[in-house]
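As given, the protein sequences belong to chains G and D, one line each in that order. Going left to right, the first sequence walks through residues 1 to 108 as the working numbering numbers them. Going left to right, the second sequence walks through residues 1001 to 1111 as the working numbering numbers them.
Everything hinted at is true.
Derived Cβ-Cβ restraints for the label pairs, each shown as a range:
(1) D:Arg1064 with G:Gln14: 45 to 51 Å
(2) D:His1010 with G:Gly57: 28 to 34 Å
(3) D:Gly1099 with G:Phe18: 22 to 28 Å
(4) G:Thr20 with D:Leu1109: 35 to 41 Å
(5) G:Arg58 with D:Arg1022: 32 to 38 Å
(6) G:Glu3 with D:Asn1050: 20 to 26 Å
(7) D:Asp1056 with G:Lys107: 39 to 45 Å
(8) D:Pro1070 with G:Ser7: 39 to 45 Å
(9) D:Val1012 with G:Gln9: 27 to 33 Å
(10) D:Asp1030 with G:Ser71: 29 to 35 Å
(11) D:Arg1022 with G:Ser30: 25 to 31 Å
Since the hints were made in silico from the structure, they are not lab data. Glycine included, C-beta positions come from ideal geometry on N, C-alpha and C.
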Amino acid sequence: KNEVEQSPQNLTAQEGEFITINCSYSVGISALHWLQQHPGGGIVSLFMLSSGKKKHGRLIATINIQEKHSSLHITASHPRDSAVYICAAGRGYHDMRFGAGTRLTVKP
Amino acid sequence: DAGVIQSPRHEVTEMGQEVTLRCKPISGHDYLFWYRQTMMRGLELLIYFNNNVPIDDSGMPEDRFSAKMPNASFSTLKIQPSEPRDSAVYFCASSRSRGQYFGPGTRLLVL
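Work out the full structure, taking the sequences as your base and the hints as a guide.
Okay, structure coming up:
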């Protein structure tokens, strides 16, 4: 079993829909990271969180430490949100174990 | 700032050849990371440095891989000899405290 599991693997949505991507981890962590990988391959760090919730624009990340679960939400999705979203569990702030990623496609 | 700079962006080589990937971190960042991404295994941490010192190289697949950071503004990842299974995208990232900034990656193809 992988240390970090993401679901779903693939997700297709219509523009404007609310999107949720889930991440479960089995290791003890110091922080949970969400990354976005664009179709061209570039990777952007979206969030690093160790408790509660963080919000940036239309993106919200939450974490439940007791349940070892995190979610990434996108409100009012847009085609430009189409990307692969990767969850990573940080055993230290820098030692990351990655999920397989969720490929999101938002159709206009 | 120009961000994390990696070179080359693409590399095609033949099995058995030496490959050197280069990375220039963001100025002022004291952590540097090397990652590998493949379809089969996804993203994997290979090694990371703090203040130019290797901290954790447990992700380096085998002795054919080596990484150095001679100064705060430059790091190399070397594969010698290269094998077809090393074909992947190699990312470098840097960090000052929290959150990491990724370079554009080097796409390596070993024939």
